Each structure stands twice: as C-alpha cells, then as structure tokens.
Amino acid sequence: MATAVVSDSGERETYLNAGYGLKSWLLTVDHKRIALLYLISITFFFFIGGFFALLIRLELLTPAGELVQSDTYNKLFTMHGQVMVFFFLIPAVPAVLGNFLIPLMIGAKDLAFPRINLLSWYLYIIGGTLMIYTILNGGVDTGWTFYTPLSTEFLKTNVISAIVGIFFAGFSSILTGLNFIVTIHRMRAPGMTWNRLPLFVWAHYATSIIQVLGTPVVAITLVLVALERLFHLGVFNPMLGGDPLLFQHLFWFYSHPAVYIMILPGMGIVSEIVCCFSRKRIFGYKAMTLAVVGIAVIGFLVWAHHMFVAGISLYAALIFSLLSYFVAVPSAIKVFNWTATMYKGSITYQTPMLYAFGFIGLFTIGGLTGLFLACLGMDVHVHDTYFIIAHFHYIMVGGMVMAYLGGMHFWWPKITGRMYPEGWGKLAALIVFIGFNLTFFPQFILGYLGMPRRYHAYPAEFQILNVLSTAGATILAVGYLLPMVYFVWSMRYGKPAPPNPWNAAGLEWQTHSPPPTFNFDEQPVVTWEAYNYDEIDEIPEKEEVPVAH
Amino acid sequence: MFGHLPLWPDSASTNAGNVDALYIFLLLVSGIMIALIFTVLTVFAIRFRKRRGQRAVQIEGSHQLEVTWSIIPFCVMLVFYIWGAVIYFQERTPPQDATEVYTVAKQWMWKFEHKGGQREINELHVPVGRDVKMIMTSQDVIHSFFVPAFRIKQDVLPGRYTTLWFRATKAGTYHLFCSQYCGTQHSGMVGWIKVMEPSDYEAWMSGGGNQPLAVTGQKLFAELGCVTCHRSDTQGRGPDLAGVFGKPVLLQDGRTVTADENYIRESILEPGAKIVQGFKPVMPTFQGQVSDEQLNALVDYVKSLAGPQSGRPADSNPAAGASPQL
Amino acid sequence: MHTSQAVADKPEHENPALLHHFATKGQQKNAASLGMWLFLAQEVMFFGGLFCAYLVYRYKYFGDFGSASQQLDIRLGTINTVVLICSSLTVVLAIRAVQLGKRMALVFWLLATILFGLAFLGIKANEYAEKFEKHHVPGTSFSYHELLPGQEKFPAAERQYANPHHAEMFFSLYFAMTGMHALHMIIGVGLFGFLAYKAWRGKYTPDYYTPIENAGLYWHFVDIVWIYLFGLLYLIDRHR
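Residue numbers (our numbering), protein chains in the order written: chain R, 1 to 549; chain U, 550 to 875; chain C, 876 to 1115.
Hints are supplied without guarantee of correctness; some may be wrong.
[Said to hold, decoys possible] With the Cβ distance kept under 10 Å, some of the chain R side facing chain C (calculated, not the full set):
| # | residue |
| --- | --- |
| 1 | N137 |
| 2 | T215 |
| 3 | V526 |
| 4 | T527 |
[Said to hold, decoys possible] Far from chain R, by Cβ distances over 12 Å, these chain C residues were calculated:
| # | residue |
| --- | --- |
| 5 | K904 |
| 6 | L913 |
| 7 | C927 |
| 8 | I954 |
| 9 | G1077 |
| 10 | I1102 |
Simulated from the structure, these hints should not be mistaken for laboratory data. Since the structure is predicted, the reported quantities are computational estimates derived from the model, not experimental observations. Where a beta carbon is used, it is the ideal one built from N, C-alpha and C, also for glycine.
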C-alpha cells in the first residue's frame, strides 16, 4: 500500500474527516458518506417498524382485542409491513453495505453516478417523510398489499400519502440498482474480470436487475390505485367493470421479485463471511454466480403463487406452482455450497460467522417452508394464516436481518476504523437467534391450526402459542438493541482497527480502515482470483490484531 | 390458558385427511433435510475449526456434486408438486349432485341461503357425509371463506361467483374464518360450521316454513318481467331458458360459452356482454335493481328449469365460462 | 500520484468530459450511455403496467373499446404523431450540430424540439378539453351514449349501444396513459430547455455532448411510447 495522505495536523485523511459540518454530509457525493446517511435513516425506520411489531405482539397476548381498537390494529400491521418492506428490507443491504463496498470491492473510486446516488438518498428521505406524515396523520390500514377494492373504494385513511411515499422509495431503489449495474459493468479495476468478482458484488448485480425492472411495475400499479381513489376510475372496481385480480397480478409481479431484492444481498454477505472465517475459497464459484442470476430471472416468473385461492384458473395455478419449485433449486444450491465451503476449512467463530451460521440454518427452514407453500394442496389450507407469516419472517428476519447484522459486524472496522466488542457481539447474536426462533416457530403451528393473519382477536385456544411468540419478540428486541448500543460505544471507545483485521480476501481490505475519500492510494491492478485464501495468512489471533497506524 | 397446547387442528372432512397426509410427508422430508444440514454444519464446525499449524484445503468445486444436489432435490420437489396438484384439482372439482348453498359475504358477516330457502347468518348447518358446494359472492370487498377443520379456503369476490366444496365426515362445530383482510372487523367476521348427523340435519331443514330459493327466484322472474321475453310457450324476444344451465351457448360473435352460474349472473347484470346468436341486444340491465340474494334466487331458478328432454343439466364449474379469468 | 485530494473537487472545476472517478473519457461516455438505456428499460416496465391493463380490458370489452376509440379525434392524433416524429428529427439534427461543433445550430435545433413538444402538448390539451365538454372524462360527470362500431347499418330500433361503464374504462386508461406520456413530455421539454440554455453558454462541444445524446434517447423513447399509444388508442377500429 502506498503512502496515505496526511493532513497538516498529522492525521491521515479518511472519508470521515475529509470535511466537517452538515453541508459536507448533506451535499456529499462520496458513496461511503451516502452509505452512512442511509445507515442512519434505515436504522430509524427499522425501529419504527419494530415498534409497531411490538405493539402488535402485545395486542396478541390476549385473545380479545383489548389493547387497541380494531382500526388501530389494522393500521399497525399495515404500517409495520410498509415501513419494514419499503423503508428497511429493500434498501438496507444495497444502500448501506452495497453503496459502501461495491466501489471498494471492484477497485473503483466511486460509483458510476455519484450525484444520482445522493439523489437516491434524498428520494428515500422524501418518501420516508411522507411515510412519517402518514403515520402521524392517522395512519393507513390497507394492509401492505393494498388489495382492491378495499383500498380504492372502502377506506378513508391516508392511502394516497402512503402510496406517494412508497413511490418515492421505489424510485430511490430503481436509481440505486441502475447505479450498481453501470458501476459493475464499467468501473472494474484492471484485472478485475467478471469471474474474479466477489460474490457480494454478483449478488448485488442480480438484485439490481430486479430493482430496475420490477419496481416500476408496482410504481404504476400504486399510481393507478391513487388515481382510482382521486378520480373514481374503475380500473379495479367490479361495479364499474374493473377486475380486482388485475391489481393482484400487477402488484405481485413486483412484490414477489421484491423478496429476492431483500434476500440476494444477504446471500452475498454470507458468502463473504463464510469464506473469510473458513479461510477458504467458495465451493463452486461458478454455480454460485449462476444461482444468484437464476434466482433473479426465475423470480420474475412465479408471482401468482400468491394467488392460488384468489380465483385464478386451475391451469394458471398448476403452472405457477411448478415454476415456484424451479426457483427453489438455486437457493438450495447456495446452502449446499456454503456448507461445502466449510469442509476442510479452518473455522473461527467471530460474531460475523455466528450470524452466517444463523442465516444458513434459518434460511434453510424458511426456504423449506416455501416448498410447502408452492405445493397447491398445502397452500390452500395455510394461505393467509400465520404459517405464511412465519415463513416470510424466517427468511426476512432469520435470513436477511441476520445477514445484515453479520455484514455490519464484518465490515464495521472498515467503515468506522474501530473494532466492535467481540464478547458483546457474540452475546447479541445468541440472543437474536433464541428470540427469533421463540417468536416465529410457534407461528408455524398457529398457521396450520388455522389462525388467520391480520387478526387481532382470536379464539382462546390459540393463546398460549401467541404468548410464546410475544415472549420471543421481547427477547429479540433486546438482541437488536444491544448492537445499537455497542456500535455507538465503539465509535468512541472501540479498539482502532487495522486495514485488514480479519486477514480477509477482497480489495476493500487492501486499503485503510476507514478508507480515504477516493478509496485507494493507488489504482489497484488485480492479478489474483477471488477468495485467494491459499495465499493469505491465517486469521489473526485476538492478541495479534495490530493497532492501526 | 395453559390447559391445553393445541398442535393439530380438527379433521372433519374427506379433504382434511388428504391434506394432513401431504403435510406430514412435507414435514418428514423437511425434517430430514434440516437434520442433515444441521448435522453436517455442526460436524464441520467442530471438525474443521481452526487448529494451529493446519491450513484450510482449497477445493474449487465439483460439477458432479452440483448436478447431483440439484437434480435429486428437484425430483423430490416434483413429488410435492404432483401430490399437491392432485389434491388441488380435487378441491377445485366439485362433485356432481352436490348440495348447493349460496353465500353472500359482506363487511363483516356471512349470509348463507340453502336451496330450501333457509337463511343463516354466520352459522352454516350441513350434514355429515354429503357433498356440499358453496356458491359465493361478495357485496363489497374481497373476503375469503376458510374452514380449518376442512382444510379448504376460497376467496370470495365482488362481481362474480367463486365456489368451494367439501364433504364433512364428523359431526361437530368448527370454526369459520374470513381469511382475506377486509377492513375494520376482519377479525370479527367469524362463524361456525355446524355439521350434523343426517337425521338431525333433516329435522333442522324442515323446521320453519321457508320458501325454496328456486321458488323465490320464480316469483322474481315474473315480478321483474323476465317472463315476458324468456318464454317457453312461444318464441319470445329472449332465448328460452328451459334446460339452458350447464349447456354450451352459441354467441353472436361466434364464441361458445358454458351457461354456468357466472354466465347467468352476468346476463342479468350486463346483458350486452354476451348476446346469444340469433337474438337482438334488447335486454335491459338489472344492475342496481337486484340484490345479491335476489340474484342468487334468480340463478337458482334458472338452474332448476329442466330441458325439453327431461334429465338433469350437466354440472359445471361456475367459476369458468363467464368472463376470461386472469 | 496522489488520487486522494482534499474534499472532493467541486464538479464545476472538473472537466465535464472526464469526471474524477473515471479513468478515461470513453469509460465515462460508456457508463452514461449504459445508465440511460437502463433508465429507459425501467420506463418500459413502468408504461408496461398501463399497457397490460389496457390489453386486458381491450380483450374483455372489445366492442365498447372500439366505440370509445372512435370518439377520439384521429386527425389531431395523426398531426400529433407527425409533430413528435419531426421533433425526434430535430433532436437528431441537434446532435449532429454539436458533433460538428456548431453551437448556434445546436441551440436552434434544441429550441425547435421544444417547440414541437409544446405543439404536441397544446394539441393534447385541446383534445382533453373536447373530451371534457363531451363528458367523456371519467368520474362523477361521465356520460356515454354511443353505438358500438358497425351498428349504423342496422335499423335504428335494433342498434346496440356500448356499455357506458366499459367506455369509461377506455377513457380511464386513455387519460392515464396519455397523461403519463404527457407528463414525460413536459419533463422532456423542461430538460431540453435547460440543455438549450447550457448549450447557448457553450457547455457542449464535439468532445463532450453526452447530456444531449442521452436527452435525445429519452426523447426518442417518449416518441416511441406515443407511437404505441396512437395505435392502441386511436386506430383500433378504424378499419370498418
């Protein structure tokens, strides 16, 4: 590594100290600063969505709806879903970790369009502000799925402001995806061929394709819902010749691929972590890249598996069920390959690796239950019950959120130049794992028993499982609060991090922690394959981690 | 509260057993899969933990393994697919001669009407051992008719009929839930399916002098003036409806559709949508003039009209035929 | 060579043809071009949702859509189509001008494009006003009493009328689709206005005219969308 730029005061120039003051942050075009802006925003929305979840679980402690009124409860689950999906799950990994790391990983100075990157953040903030307005102005109770004609004809709540907020968030997502695709195509350092790209980058590439092609469809669909409300059009209203199923097709055409937007980046993270903490190149690099692209492509072909009891024809159902099994195969391949990567590895169990283990286990469970749902005869019984809720939370929370936390711990030294406290990290990971399973496993049972979703009052015989679930939720909340506290603590008191505390492969580790504004002192030239752990030293022992210069 | 921990729903229909068998199979295969992966992960995590002096062995991959662990799981999944598809096909093919019950769902209640004219709200009496077919529509938003004990569910849509059928196997009282979010009282749109022994059921049916649905329909048919054009004595301005139900109908534009419940309903509300060949488009619409319950009565009346050669009209799936389904 | 400058160079001080994070001008140009094509791809998906809705209802309400379509003014629609095609030509001529380094010609052709765009919007506004007068705007004051296509040949007592609800569906989609298109045109006109100003200030040279090229791509796309709209909305039953 060449010499860093040192300022007059003797301090090395990093992206964090290159300019102070609000303007230098709010008008930045540095992808790393934008990533931090996103980090603050999505964390904020995560806790709002999480707060709604806690209220939901509190209400569900008792069979009668006693804590809040019916309308309020309907708003709680609606806004929990909207905030979590559109303002946390979709942007979190790409806009925070993707933004920060992709240029570093490919050896570039920034994304292809830094100003559009900043614009993406502002669009997200505008959308988020509208969402906050919606919440404060009385909420919205359409369900995050906005089914018509309920949302177009029968509700008097803040539907349009919610729609516009989501529209802006969607546009932000499209531009992020566009930026990533161009960056990965055009900005790779000399020698960084497609087959040397880290799987994190491949995962974001596949995700970006979905973001660019899928999001506009839900955008126009929600625009139609808003127009229908404003001008009493009849596009989805049967009384005027419209078809409510048309809404569902258009909505799910995006919203199914959207779940792959949420999970693919997490899979990219897991690949990086598993390789580093097993000291091994990924098993089956080619298969892994084909798998992410395959998931993205086939993911566009399965949307009507959300509609098996909606009134579609038998033949449509048969086709979509079969296609849904096709999309399961690449996901299974990834789980097998991660496991195989550990074979004859040299494994250590730092916090990121604990989260990766958690991901693999919980994603496997969530994914297998997806096979239940793709199965027509099975889905008829469990559709719109807590079985579905358990399924997608296993993937989203047990999968994606754990991957996100794993990634945050893994790259925290690079982002902040500080180590997080390892003991607390392990403890929090354990608490999250226990809390998560206690919250959501009982919901599989509740679902098969027949408890419908979106119910705030339920038959008494379902109570004990609900109580278990709520107990788990409180434990999970503690698990999420801990990193908040110790990450913030570490920014001041954490051990200063060296450029590569994990001796990990990847260009991002070849530069300082935190990196300088333009990422590398000298343009890297790549002459090695990805995950060249055979050429890299072992992971440092705790005592060996050198203090940063 | 801690009295009993329910783990399995009641099984009270022929379908329930089939679905349970499939579920158990899925659970077993998944359980094996999970056990396998968790065991391998644990073994690897312990066996290949970092040891001083030992480095990891780099393995590029294995084409053979990739193919194997793609194909074998996929074949297992095909078993899931076919098994599930068979059950689904059975669920969506109501048997002929099923006892029909008309359902009108509205925010936030279930209204049932038996063919004999008995009306129920939020409670449905059915006999053990007999096929029952629900012909359902909604007055407002999308609802969903869900009976966990029968393992069946079907969304109920405004503007058209959807159907669902079951054969109850055990007398008892079972939950009915609305399972499509429909607004404020969605959690309150619940009821009971009361399955009765056949003798009890007959007793229940005969109590209270109800006018059979088809008779109600016949009276409406006269009151609304339908009878002036749809005559069977002479050629009226509209087609003779005797025996039309379940038969193919040739339309003006050359298409042929099956005269199922949705077709009859559409003909009343939107007569211009499908003109029968050889007739002029002069039928007025009754949209806004008849309630969903009255529509059910009219539909049931037309269904009851036997053809010139007496014999039952062929049964059909009322969800097909009327408008193209998405 | 120190690539780490202090706080990022202000964009105005950089050569716009080679921003700091690109290695070569060719790389920057390629990146901008790919970005624009991706943006157009997502625009296709955006309009695609509307086209999907249109196709579904056109199939379902075949005759009613034919009837409603005949209520549109095909002369104005054709004129608008010609106007847009001309405006695409002027865009191409603007690009040619900047490639040859002719600043005033560039400004001229950009302004001509704007003019054609405004003409299109003006004619559209006129059409909308006419629809408003005939109560063909969906909503509470909608009313429709027209024959289905081809009914004129029957005696008056037997003629079949279009279903007003289905005709309203056509107009809902007509306004949504042409309205969304017009919104894109307004954005395009604004964009060209900004570019014309910058062009007049001498910002674009044969070495660097990427924004003109990309704006041109956008404009061609908006043009193509109109070609499809024209066919699907104005021409579907004219063969009778």
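Against the structure, the hints:
Annotation: interface hint on N137 (chain R) violated; nearest CB of chain C at approximately 25 Å, more than 10 Å. This hint holds: T215 (chain R) has a C-beta 7 Å from the nearest C-beta of chain C, less than the 10 Å allowed. A distance limit of 10 Å between C-beta atoms decides the matter here; for V526 (chain R) the minimum to chain C is near 14 Å, and the interface restraint is violated. The criterion of a C-beta within 10 Å of any C-beta in chain C is not met by T527 (chain R), whose closest approach is roughly 18 Å, and the hint is violated.
Not every CB of chain R lies more than 12 Å from the CB of K904 (chain C), the least distance being 10 Å, so the non-interface label is violated. For L913 (chain C), the non-interface assignment is contradicted: its Cβ lies about 5 Å from the closest Cβ of chain R, within the 12 Å cut-off. Some Cβ of chain R comes within 12 Å of the Cβ of C927 (chain C); the nearest lies about 7 Å off, and the non-interface call is violated. The claim that I954 (chain C) is not at the interface with chain R holds, since no C-beta of that chain comes within 12 Å of its own (minimum 27 Å).
Distance check on G1077 (chain C): its Cβ is at least 22 Å (rounded) from any Cβ of chain R, clearing the 12 Å threshold; non-interface status holds. Chain R leaves I1102 (chain C) outside its interface by the beta-carbon criterion, the shortest separation being 19 Å against a cut-off of 12 Å.
Hint check: violations occur at hints 1, 3, 4, 5, 6, 7; the rest are consistent with the structure.
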